Amino acid sequence: MKRIYVNEEWCLGCHLCEYECMFANSGLDEMFKLKGRTNEFIPRIKVEGEDGNDIHFAVNCRHCTNAICVKSCIAGALSKDGEGVVRIDRDKCVGCFTCVLVCPFGAIMPAPDGKAAQKCALCTDNIMGEPNCVKHCPNNAIVFEER
Amino acid sequence: MMNMFIPPEYEVVRNADLCIGCRVCERQCANEVHKYDKDLGKMIADSTKCVNCHRCVCMCPTHALKIVKSDDTYKLNYNWPVRAMNEVYRQAATGGVLLSSMGNPTENPIYFNKILVNASQVTNPPIDPLREPMETTVYLGKKDVEIKRDAQGRLKDTLPPQLRLTTPIMFSAMSYGSISYNAHESLARAAEELGIFYNTGEGGLHTDFYKYGKNTIVQVASGRFGVHEQYLKTAAAIEIKMGQGAKPGIGGHLPGMKISDDVSKTRMIPKGVDAISPAPHHDIYSIEDLRQLIYSLKEATAYTKPVIVKVAAVHNVAAIASGIARSGADIIAIDGFRGGTGAAPTRIRDNVGIPVELALAQVDERLRQEGIRDSVSIVVGGSIHSSSDVVKAIALGADACYIATAAVMALGCHLCRSCHAGKCNWGIATQRPDLVKRLNPDMGKERLVNLVHAWTHEIQEMMGGMGINSIEALRGNRLMLRGVGLNETELRILGIKHAGE
Ligand code: SF4
Ligand code: SF4
Ligand code: SF4
Ligand code: SF4
Chain X
1 MKRIYVNEEW
11 CLGCHLCEYE
21 CMFANSGLDE
31 MFKLKGRTNE
41 FIPRIKVEGE
51 DGNDIHFAVN
61 CRHCTNAICV
71 KSCIAGALSK
81 DGEGVVRIDR
91 DKCVGCFTCV
101 LVCPFGAIMP
111 APDGKAAQKC
121 ALCTDNIMGE
131 PNCVKHCPNN
141 AIVFEER
Chain R
148 MMNMFIPPEY
158 EVVRNADLCI
168 GCRVCERQCA
178 NEVHKYDKDL
188 GKMIADSTKC
198 VNCHRCVCMC
208 PTHALKIVKS
218 DDTYKLNYNW
228 PVRAMNEVYR
238 QAATGGVLLS
248 SMGNPTENPI
258 YFNKILVNAS
268 QVTNPPIDPL
278 REPMETTVYL
288 GKKDVEIKRD
298 AQGRLKDTLP
308 PQLRLTTPIM
318 FSAMSYGSIS
328 YNAHESLARA
338 AEELGIFYNT
348 GEGGLHTDFY
358 KYGKNTIVQV
368 ASGRFGVHEQ
378 YLKTAAAIEI
388 KMGQGAKPGI
398 GGHLPGMKIS
408 DDVSKTRMIP
418 KGVDAISPAP
428 HHDIYSIEDL
438 RQLIYSLKEA
448 TAYTKPVIVK
458 VAAVHNVAAI
468 ASGIARSGAD
478 IIAIDGFRGG
488 TGAAPTRIRD
498 NVGIPVELAL
508 AQVDERLRQE
518 GIRDSVSIVV
528 GGSIHSSSDV
538 VKAIALGADA
548 CYIATAAVMA
558 LGCHLCRSCH
568 AGKCNWGIAT
578 QRPDLVKRLN
588 PDMGKERLVN
598 LVHAWTHEIQ
608 EMMGGMGINS
618 IEALRGNRLM
628 LRGVGLNETE
638 LRILGIKHAG
648 E
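Sequence lines, in order, name chains X and R. Note that the working numbering gives residue 77 to position 77 of the first sequence, counting from 1, and the numbers run on in steps of one. If you want the working numbering, it's the 1-based position in the second sequence plus 147.
Rather than coming from a laboratory, the hints here were simulated on the basis of the structure. Source: prediction; values computed, not measured. In this text, a Cβ means the ideal position worked out from N, Cα and C, and glycines have one as well. The reader is advised that the hints may include incorrect statements.
[What the hints assert, rightly or not] Output of the computed footprint for chain X on chain R, the stretches with three or more beta carbons under 8 Å from beta carbons of chain X:
#1 161-174
#2 577-584
#3 587-601
In isolation and in its complexed conformation, chain X is listed as follows (with noise of 0.2 Å):
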């Protein structure tokens, strides 16, 4: 399957995946709608480094093929679709976050209401389609592509 692949030797910390998954699945029409409203959203990508280190790299879901997050939700709300996409379900997730402290990379959340987790879904659960933040990443140090 396409996944998000790191070049950490390219990234440069500059933030813009982060943004750019917020804004790709804030359901907004317009990226600067989120001005005064950033915090309300958590995004699913997250930048290792911090400002003034020389390495970076931005970590999302690796979509696993034996997903730990998905043998250990206690209440099946995580399952690997036909593609191999790890997806979650807000409806059945009891919120215990299980799945948040098994996940070897920290790649799932709480959401930014507390009640359910969230991940990344490799932007094929809003209208982007295509990984939002691979799209704008201005030096390829995440790349969308089958290995």
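Given chain X's structure and the hints, the job is docking chain R with the ligands onto it.
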């Protein structure tokens, strides 16, 4: 004593309705213009530090930023424009020579823009480059060889070494040091993919790039940085740099700040110490001396590589070129007064040298008159803006063009002309690792390849329009050119007629 405040020429303007406070601009500006202000709870900008490189404008995800020409002005004065006044203030404060980078931005005429190209109508039909072959391959080198035959009467191959270009465009000299490792890699890989050449400049060749040797022209300049046997042998051709269009008559100065470990190793000079290239080659004071160096280099490489001699376009360039053609050089490169640089004294950049169009026309004419045009190829550079400039240059007599400013623009350069500060926000004219990283050579190579492909298509279109199907048939074909708004002297020097004639 406090220095007099000089108002910035450009101002950073943020549209508060669009700014979402992502701080991308702040992270991307190495000049520390943008900052999130905690007290005000919003982004602010200090325009006095801005060099107008447009990095933040390009990166802002909501397009909230623009850079505008400041409307702050001194009392309007035709004789003392703001720039001239500010330069006086700057020098009064520092006592120093003014430094600039990139090409001459002043209002001297751009002759390419006053030359128009012909097209076929009725009598000799145009050619459609999409349906018929259109040859853009060019061979650079000496062509005037004696025809020799062996005992059986078969022709002997006496042709001296040639450079084969798939299109009449090459990347001109930019040294590792003045530009970054990633910029260098982008150029080298693009040249390889395109079947053309890039040029190391006077900074030596990083060992990582030896693998691109067959697409590399190595330079031997007055500082002789990084010149050794392997360097010469790795290359496809060797260029002796006598002068540079942006700063004819003076040498080079790479600030110690840009001499990193790798640059120091490649140049074979100490780290962190300014690298000075002298104005003259200390062993060249005549055409005979030049001939000695040319033949030393040929000897060192067993006569397998063409030698290029690069000169700045100056007043008596035609006579100089004639000397060079007779000195054994295979190719003459002429660099016009608008050519770029990583750093040059402002006065020299803006006032010394002549337009390359005039220099080229005169050199070609002189070499023809003397019957030695075939003993050298001519390559011109110094602000080739587009494919039509390439076409015009070839019709004026060039064999190929060198591009550098356009090439770095393909890599992201926005001509902020602050290369000498070493903090290029686009990762091109810098050695700071965090900035160099901003230029991913995979992307850089792709953009260079795109640019040259696009230009090549356009060259083919224009040639087709003229009913010409090979570069050979365009070279020196000045009948294909007409001048507009040029006086008699200019037309005579260019060797072209006025439009309508
Ligand atoms: S947008 Fe790209 S370069 Fe910027 S932080 Fe994200 S992955 Fe890194
Ligand atoms: S959320 Fe974590 S464990 Fe689950 S598939 Fe993604 S990376 Fe793997
Ligand atoms: S990059 Fe644009 S949106 Fe982000 S803080 Fe700067 S001006 Fe605002
Ligand atoms: S120096 Fe460049 S990045 Fe910084 S504010 Fe000016 S234009 Fe933007």
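Going down the list of hints, with the structure as the test:
1. With 9 residues having a Cβ less than 8 Å from any Cβ of chain X, the region 161-174 of chain R passes the three-residue criterion, so the hint holds.
2. Figure legend: the region 577-584 of chain R, annotated as covered by chain X; annotation consistent (3 residues with Cβ-Cβ distances under 8 Å, at least 3 required).
3. Proximity of the region 587-601 of chain R to chain X, defined as three or more residues with a beta carbon under 8 Å from a beta carbon of that chain, is established by the 3 residues found.
The structure agrees with every numbered hint stated previously.
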